[in-house]
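Asker: Residue numbers (my numbering), protein chains in the order written: chain A, 1 to 337; chain B, 338 to 674; chain C, 675 to 1089; chain D, 1090 to 1504.
No wet-lab data here; the hints were simulated from the structure.
In this text the structure is predicted, and so the values were computed from the model without any measurement.
Incorrect hints may appear among the rest.
As the list claims (entries may be wrong) - Below are the DSSO-like pairs computed for lysine-lysine, each with C-alpha atoms no more than 30 Å apart in a straight line:
#1 B:Lys384 / D:Lys1295
#2 B:Lys666 / B:Lys531
#3 D:Lys1295 / C:Lys694
#4 D:Lys1502 / D:Lys1196
Claimed, not checked - Just a few of them, taken from the derived set where beta-carbon distance is under 8 Å, the chain D residues facing chain A:
#5 Ser1249
#6 Gly1257
#7 Gly1308
#8 Ala1311
#9 Glu1312
#10 Ala1339
#11 Ser1342
#12 Phe1346
#13 Pro1476
#14 Val1486
#15 Leu1494
#16 Gln1495
Unchecked claim - Per label pair, the in silico range of CB-to-CB distance:
#17 D:Thr1298 / B:Glu539: 34 to 40 Å
#18 D:Asp1135 / B:Arg357: 37 to 43 Å
#19 B:Ile551 / D:Gln1495: 20 to 26 Å
#20 B:Ile551 / D:Leu1469: 50 to 56 Å
For each residue, glycine too, the CB sits at the ideal point set by N, CA and C.
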Amino acid sequence: MASMNMIQAINSALDVTMGRDPDIVVFGEDVGYFGGVFRCTAGLQKKYGKTRVFDTPIAEGGIVGTAIGMGAYGLRPVIEIQFADYIYPAFDQLVSEAARLRYRSGGGFHAPLTVRAPCGGGIFGGQTHSQSPEAIFTHVCGLKTVMPSTPYDAKGLLIAAIEDDDPVIFLEPKRIYNGPFDGHHERPLTPWAKHPAGEVPEDYYRIELGQASIVRPGAQLTVLAYGTMVHVCLAAAEEAGVDAEVIDLRSLVPLDLDTIARSVQKTGRCVIAHEASRTGGFGAELMAQVQEACFWHLEAPIERVTGWDTPYPHAFEWTYFPGPARVAKAMKNVVEA
Amino acid sequence: MASMNMIQAINSALDVTMGRDPDIVVFGEDVGYFGGVFRCTAGLQKKYGKTRVFDTPIAEGGIVGTAIGMGAYGLRPVIEIQFADYIYPAFDQLVSEAARLRYRSGGGFHAPLTVRAPCGGGIFGGQTHSQSPEAIFTHVCGLKTVMPSTPYDAKGLLIAAIEDDDPVIFLEPKRIYNGPFDGHHERPLTPWAKHPAGEVPEDYYRIELGQASIVRPGAQLTVLAYGTMVHVCLAAAEEAGVDAEVIDLRSLVPLDLDTIARSVQKTGRCVIAHEASRTGGFGAELMAQVQEACFWHLEAPIERVTGWDTPYPHAFEWTYFPGPARVAKAMKNVVEA
Amino acid sequence: MTSSAHEPGAALRLHVPEPKARPGEVPDFSGMSVPPAGTLARPPIDADEPALREYPYALIRVLDDAQRAVGPWAPALTPERLRAGLRHMMLTRAFDDRMLRVQRQGKTSFYMKSTGEEAVAVAQAYALDDGDMLFPSYRQQGLLIARDWPLVDLMCQIFSNPGDRLKGRQLPVMYSVPEKNFFSISGNLGTQFPQAVGWAMASAIKGDTRIAASWVGDGTTAEGDVHYALTFAAVYQAPVLLNVVNNQWAISSFQGFAGGERTTFAARAIGYGVPGLRVDGNDFLAVYAVTQWAAERARRNYGPTLIELVTYRAAAHSTSDDPSAYRPQDEAARWPLGDPVERLKQHLIGLGAWSEAQHEALARELEEHVKAQLREAEALGTLGTPPAGVESLFEDVFKDMPPHLQRQLAELKGA
Amino acid sequence: MTSSAHEPGAALRLHVPEPKARPGEVPDFSGMSVPPAGTLARPPIDADEPALREYPYALIRVLDDAQRAVGPWAPALTPERLRAGLRHMMLTRAFDDRMLRVQRQGKTSFYMKSTGEEAVAVAQAYALDDGDMLFPSYRQQGLLIARDWPLVDLMCQIFSNPGDRLKGRQLPVMYSVPEKNFFSISGNLGTQFPQAVGWAMASAIKGDTRIAASWVGDGTTAEGDVHYALTFAAVYQAPVLLNVVNNQWAISSFQGFAGGERTTFAARAIGYGVPGLRVDGNDFLAVYAVTQWAAERARRNYGPTLIELVTYRAAAHSTSDDPSAYRPQDEAARWPLGDPVERLKQHLIGLGAWSEAQHEALARELEEHVKAQLREAEALGTLGTPPAGVESLFEDVFKDMPPHLQRQLAELKGA
Ligand SMILES: Cc1ncc(C[n+]2csc(CCOP(=O)(O)OP(=O)(O)O)c2C)c(N)n1
Ligand SMILES: Cc1ncc(C[n+]2csc(CCOP(=O)(O)OP(=O)(O)O)c2C)c(N)n1
Ligand SMILES: [Mg+2]
Ligand SMILES: [Mg+2]
């Protein structure tokens, strides 16, 4: 066990898997010599050589396109998109190609790539360094979409994603790279070193995709969240004084509907939180599935707490961010409804 | 008034607006001399000249990118993406640029483009000529998303879209270009000439974006649909013998929540239908909004009838397509629940 | 343009390309330069790109007007091999003709012919090794035919019948044949180009000896993926052949809308420091020779080559298309580079290795072969015969079926 | 590569580019050819692209080693105009230096300098008309400064304060100034390139006389949008200048990762049949002359030009970057093309139109000016001072606020 922040945990996942499987290659903009603008690939080129860890042209579509070809060859590419906001030039290769290759070829070819991309706001990155685009991927059949909330989970989930034979979009909430940010931006950040999930085994382990984690058991209300919002919701539950059961989804597709439904059937109440903008966000799908699976148990309307339906603004970032006050208010609404 | 199919109604909308506004330009792959693979732009180049109606390179990103620049200049581009399935190479220009230009420039620049794209399946087009990608656009703040279900609506909505100062994604369900297809693929298609909404004024008229239309009033159940599925739901209501109130949304963003909520609060029951795949489809957002606005009125779980979470398969297209039998079954479930 | 458009202060004007002739007009290829065969040198395979800058503007041709093989590019192919090539081209054509009829009969939904372009696929397949990986567009069925893949398998795909190994999921002609190192064809134009580069990079990473090749049409060169492919291929010196099949048309748009008015598609290569070769695409021997040069170059770690194959799409774009609406009906007949089958046939006759009688006999034999294969395929069903059980609809979305798809499958079965 | 990699049957190998020097090593520009100034002809503005094919491989230079203007490209600029240019470059540099300090003081979140590249923006702005539309990247602040836009306005944007006309929505330096025909800068690389082409096409459609210009970095050339821009510009002969600012680095990646190892970025133009000019980007006069040539060409309906401006990013990529981790610290100092400010200064001194004393006085004056502007901007607040009421968060998503945003605004206000 070692104390790791999320960057180190991701680096460790890459290191451990690359050591085990010579077919894993890592590439992307600035990931080679420099080790990535967030340092997630630091040291890997030195250790595994320039042909397994390398820089690329600034062409996200080319990065994904070549990765698909490498996957068809038999390699297992793990690519970095520097910011999730810059994944759109690769959208066609992801949606039309990676996601459908196995299906359209009758299982003859597949693209076992892992696409890592830092996502989310709260770092004064403005509209192009803050986005959470998970919902556009969860709508695409053939892609898996994962977002961790702790270093421990990040490593175990990333290893499972890399070893997965399907394409996985692995979104890393950069606001929690260094510590479990709870939305109180006015307070100093607690580092991961002080959090139990900052203790990470140095060796290999997997967290299977599709298994949610109940991070706070509770009786009054079910809260569904992922990424940074898990910590915001935990803080909000304390502040609202609500006995919330907080579920960290970890993987959005595949989704652990069993865990979700069991909890909502128990509590009868549900709040869903995400940082992405509201309309058509993954919260809509969660609300739909909860409604479908738990309608007769629901005692109050489900509420969503989300980013607003606007781009992520630079100066108003804390007005945009669905912080603990907004989540707490929704919790109270739902509990008192 | 003239009898028009949807292709002719779209052509007429383009013709009428181009005649009124010299700043409207129309371009896309094969839209110039040839008049478009679905003939929607037939005759326009001859009438308005090669610099207002022209063919383009096969580069959807370039088509949208140049259209944004033209919009910034002061033109009003109406572009065609040959199939909605081929819009993804333009995704970055749509999401990062067209949708955010007004916001990020503080209102200094905007991109008043209209993106026409034939969508939907049921023509044995396989996975790359059948998609309904509306949900990935409805999640993008700054875009409007429209889908007509009749020639009359298509013309009025397209004129409103072209005149709109915001970017509009205008999806044309190609299965109903020639007639109101109700999902009974085994029967011959009734042409638009036999449908009241196939009577279309030759002159200018607008249907404002954001206004749903109640195409069948009813008391037992509210059905939310758009595009081809409107006709499928009407057929299903007859077949199920359910007194359904069928609402044609027409515009997804902006959404006419008032009309929707009023209806569901009256009926207490709701079925949502779309052809796109289920997870993260626009149906999820509809279900969320209905749940939020009408929870205390709901007497049964809302049901979704949608395409399956798979690519659109060539041979199994009628297994994939959410036809009247599946919709009727959902209606009965919800009414009997 | 009149000169006033160029005077200081003149109003700007948009140039919109226009082909030389439209329906009802006389086809006009006068602007196209067709240099004599055999005049261009064959550079060493390790030549640096700067030494090759004339090639994108030239046209490598081996067969002269009398269909004799001339000049340094003439490949050393035995008459047996040439006859085999002729046979594969003729088989491709017979297959295309039959499949068009089958589609017209309503037995399938869609078909795309490669008529007039058979030399591209067949000669290129001949110049590559069987282990080399092919990332084709939808118009290189000849690659599979040249690799002796059974027609019945292609037909079953076209019919989406129970013999279709793609389980009825793909539009007809979107084959995928791992056994023949033939990658799954995509309906999305150009996407295969960077994928081929990635495959080639992987082969280089692993110290393999197999190279990759990919094909796009003239129209498709405008897609970003083509730029990505060239950039990555150049940067990493990937062992890959990037082929642009310039058949003059992209549905209704002539190649001027992809930039062909101002320069050649082979010239694109120059911008990346990659060799660009331009070849008479209807000249089996020239296509073979150029491909063989580029393949050897790639295999010896001298990096990628872009090849423009100049040919003509003699048939409609697809069964959904009617070219008489946008180009003169007799344009194909007037195409200056002739017909690839006819040219190779005459070459063989000139060699004394073939005769009209043999040719006719072969044509009949191939037609019979196609018919026999068709009977076999039709026996398994045509469009409408379910290719598999409905559960196959939910298979292969992921390697293992996740719970939500299991639920949907149950829902479907319950319906 | 050893020769064994090229033997028949050899294993393939992946080439991964590597810059000449890394931290701790001696900077090495020996591979870079710096031809003498004044040797290249200035072609007529209506020259066809084939006549211009040497230019992408050359380097147009006007200022010689003694900073005298020599050769046919030397522009006729008065000493007043040159002094104005020097002033605008120095102002850009003083502004950058101050803003970096301001960011270090925590008054804003982010900043990007253009140090060493000032000639690109300032000389190009000078060579264009004020009505011409600019589609810049984030490193051409000099364009706005050369068009005499008040620094205080830029500073307010950087501070996201109530003076920010972008209402605090954009990352610092992502200016948008319609009054100066300066398009909204995007955080997404390359997207402005086809937009500029579209604007130019619109100008041509309307018979206007205004042209467009756009800028991308060397790294950005790999994006598909750059290919789209070149394709559309070539096909429609759009009146547009497409500039590639090759400052050698894209964050930590040297220009070899964009393809610069094999050829020049100007050479990309050749592939589209578009003229490509390569210019010493630190030579104010050469940049002016080349831009002026291309602008006149565009304005007279002879179509687009691609210009590669060879320069060096002397500062960090941004305030989030530390270049000492990936390149030698003294690389900027060893850059063979020198510093643009110093070179123009020496040129003016050589003309007898400037002196060291004047230069020093001007530097002080500009520093004072920047400080005064800063005081004005800071008086309106720095990051953290709300730029407007919260309703502005919901404005401008659409022209009119739709019901769902009105509901969200109400929700926010109620919260
Ligand atoms: C991304 C994308 N855009 C548009 C289309 C529609 N489309 C199919 S084929 C075609 C023309 C392609 O022309 P070309 O590349 O010259 O190939 P050819 O058909 O001549 O072999 C078009 C526009 C598509 N399939 N994919
Ligand atoms: C589409 C996209 N991908 C990645 C980035 C992240 N990024 C910002 S600047 C930069 C480097 C750009 O280098 P270059 O084009 O050479 O311009 P320079 O910074 O040198 O002026 C990168 C990779 C981005 N902003 N947009
Ligand atoms: Mg073609
Ligand atoms: Mg750079």
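Asker: Take the hints in turn and mark each one as holding or not.
Answerer: Against the structure, the hints come out as follows:
no.	hint	in the structure
1	B:Lys384 / D:Lys1295	holds, 17 Å
2	B:Lys666 / B:Lys531	holds, 28 Å
3	D:Lys1295 / C:Lys694	holds, 26 Å
4	D:Lys1502 / D:Lys1196	holds, 28 Å
5	Ser1249	holds, 4 Å
6	Gly1257	holds, 3 Å
7	Gly1308	holds, 5 Å
8	Ala1311	holds, 3 Å
9	Glu1312	holds, 6 Å
10	Ala1339	holds, 6 Å
11	Ser1342	holds, 5 Å
12	Phe1346	holds, 5 Å
13	Pro1476	holds, 5 Å
14	Val1486	holds, 5 Å
15	Leu1494	holds, 6 Å
16	Gln1495	violated, 11 Å
17	D:Thr1298 / B:Glu539: 34 to 40 Å	holds, 38 Å
18	D:Asp1135 / B:Arg357: 37 to 43 Å	holds, 39 Å
19	B:Ile551 / D:Gln1495: 20 to 26 Å	holds, 23 Å
20	B:Ile551 / D:Leu1469: 50 to 56 Å	holds, 52 Å
Taken one by one, the earlier hints fail for this structure only at number 16.
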